[in-house]
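Top to bottom, those sequences are chains A and B.
According to our numbering, the residues represented by the first sequence are 1 to 433, in order.
According to our numbering, the residues represented by the second sequence are 1 to 433, in order.
Calculated from the structure, these hints are not laboratory results.
Keep in mind it's a predicted model, so treat the numbers as computed, not measured.
Honestly, I wouldn't trust all of these hints.
No copy is singled out in the list; a pair is fine if it fits within one copy or between any two copies.
Derived lysine to any residue pairs resembling SDA-like cross-links, with alpha carbons at most 20 Å apart [unchecked claim]:
1. 120 to 35
2. 274 to 174
3. 274 to 246
4. 187 to 94
5. 274 to 431
6. 127 to 35
7. 243 to 276
8. 274 to 244
9. 416 to 85
10. 127 to 324
Protein chains: 2
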Amino acid sequence: MYSEIKVGILGLGTVGSKVAEELIERNEYHSAKSGNNSHLSLKKILVKSLNKERSYKVPTELLTENENDILNDPDISIIIEVIGGEEPARTYIEKSLNAGKNVITANKEVIAKHGKELKKIAVNADKQLLFEASVGGGIPIIQPLINDLAANDITAIRAIINGTTNYILTKMSQENMDFTEALDEAKSLGYAEADPTNDIEGIDAAYKISILASLAFGVDVKPENIYVEGITKLTSKDFRYAKELGYEIKLLAIARKDFSGNLQIKVHPALVDKESELASISGPDNAIEFTGDLVGHVTFSGPGAGPNPTTSAILSDLILITRGNFPSSYKINNDLLATPVLLPMESVECRYYLLLTTIDQPGVLAKIGTIFKKNGISISAVIQKDTQVSKGTAELVITTHTATENSIQVAINEFKGIDLIDSIKSIIRIEDN
Amino acid sequence: MYSEIKVGILGLGTVGSKVAEELIERNEYHSAKSGNNSHLSLKKILVKSLNKERSYKVPTELLTENENDILNDPDISIIIEVIGGEEPARTYIEKSLNAGKNVITANKEVIAKHGKELKKIAVNADKQLLFEASVGGGIPIIQPLINDLAANDITAIRAIINGTTNYILTKMSQENMDFTEALDEAKSLGYAEADPTNDIEGIDAAYKISILASLAFGVDVKPENIYVEGITKLTSKDFRYAKELGYEIKLLAIARKDFSGNLQIKVHPALVDKESELASISGPDNAIEFTGDLVGHVTFSGPGAGPNPTTSAILSDLILITRGNFPSSYKINNDLLATPVLLPMESVECRYYLLLTTIDQPGVLAKIGTIFKKNGISISAVIQKDTQVSKGTAELVITTHTATENSIQVAINEFKGIDLIDSIKSIIRIEDN
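I would like the entire structure built from these sequences, with the hints used as guidance.
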């Protein structure tokens, strides 16, 4: 006596292939973990081409090139969407929910851009829309945030949520590679795509932090409203000086709520204490730190991408649905979804690391000090580096105390008018614990 | 239109007081997060003495010295047990479940020793027994393991799950304190109890790893079957030499399953790579790393104790029950509970760090090498330290490649018969990643 749960998969790339393989080759194993004596049965997989060569050979009778064979099949009760990208994935998810199917997706772009609307459709259809795999690969993040930290008022999220950039930054830090060299290595190892723009420019991280911030703060954060800065301008010199000051450089996605409920949400490279847990996250790993009023800081870390970890999250979502564990949790979060009040980036406060090339003459520091003072910025530390006697130049590494983004930008602009300052090489924010 | 959910608390120590305060002072906040339009209502709290002075003043009409006022009250549907210790907590939990109440407990000792039996009672009564707070304080561990890693075959757990000892070891490492000095500081700051035996001897960690191993491997691991070694013999010298070799020293709780399904479960101090995430866990924090066949390594870290984090876990469990999220998940785990096949400690393999005092004469190393070779142990590194010309002694730090516990113990015994070896100061296991 068991109930057959028929599953359809949309997409058969690396993730879809692994999900299919698990559901076929280890069917008894996963079915045994499912609730209510249910038996998982993979019925159909949507592919672009029936004839493509694939590393895992799915029985051909399971494949179709027509999405309606899955979306219109009343026997299929759970859809796993692993096509990726905005369309047609969004449309298929919407159609699936409207057809009374539960949906599991790994699609951060669709959830970040259309999560609120799709959740509303899911609630009206009384179906589940689960997306554990959309952030942090196999690391449990979404469910622990919604359920196991439910008693907390979440006030901050700080996260390394892009494996490609963390791999590149690890190489730049540990092996003194420059950005291009590290990117090339990441590509050759499959950690970066042929067109790495979404990763290295921070767009992928912005999708993910918008999903987390929406859940944590009960608002609807759209990714286009997030301040995003990528890692392409970082140099090996920045890593060397950061280390001397006791820091590592990481691409952080940050979301904070202040006492008035204003939010700041941003993605940018940041100096983090080299003894901190975030600094210890190396290679393609991810880490997500939540701050809650009761719990304090908790951090979840592990592999942020890859077919196996992503399959772990997708199949765990599938098992959860069969166990019937989700009658109301996301509804609650959805009911609260309000439009967020986002602090403009100019008003966001931070500490800063600056690297300047100056003419090696008396009076430079005095000049810099005067401009900082005028803008209400106080200096934390100054180190003079690499004095080039022949050229008559020197490098100044400056760290500041907390200042607003606006005041730093004004000061930087004033520096540009000073002959003694040759160039402003780097401006990187500092994230203390 | 809402349903009133009446809650009883057993115990009003630091944790009970914080739970009561949250349920009273922030009732609307927590009720709003609860599912099914439920409203949380704290009805009664069991205390030892009505007249004790407490930092948070609970209205006296909520207090009782008679447990039956709570256990026999048919209006109370959820019991929060925060008395701690084995009895009467175990009896109260059993009575509550048999009286048809859901139970939330922070009690690692009761769950470690009697979890299997109590879960059976809960299943038969069709009630929930949740214990997220019993391991890792406020860090979500239990639910993520059961639900969000459900698709994985868990093969290993490595955990820092005792805040007291991690605080002491952090002080010994960072400030060169000796054990007694660090313990005294931990006591004065409230991180260690007046009688710290359970913490420093590893017993508390054994309770917690037995809970995690039982859930992860679907077996019933009793804490008395776990190999346990505390931190009392570690010296500041061990920390110094460990650092020179690239390690930190942590008290680890470890559970592993090999390909034949044999388990090794143990608690002992271990050298861990100083660049690793576990090494970065400092002060009273905890970290739990799971290895799963699909996900690889994932780590959960944060505050392992304290009234606020523990209350976070308890109230999140409470909210979960009101949301009705748990119809079958722990039943599944419970159904699988089998008696584990535990590998005897003699057969467990590990790398080792040894610190010996020897007579500074030629032939010592040759002698040691011969004994190791006879026992199938190969040396990874040797460093001679602290040669005392006046005494004619030297210290030898030796690290080995993987060897069985038995072979190391035999070799150590043979060392004792050698005149050139003055004393065996330390034997610490090495946990590589």
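Going through the earlier hints one by one, which of them does the structure break, listed in rising order? 4, 9
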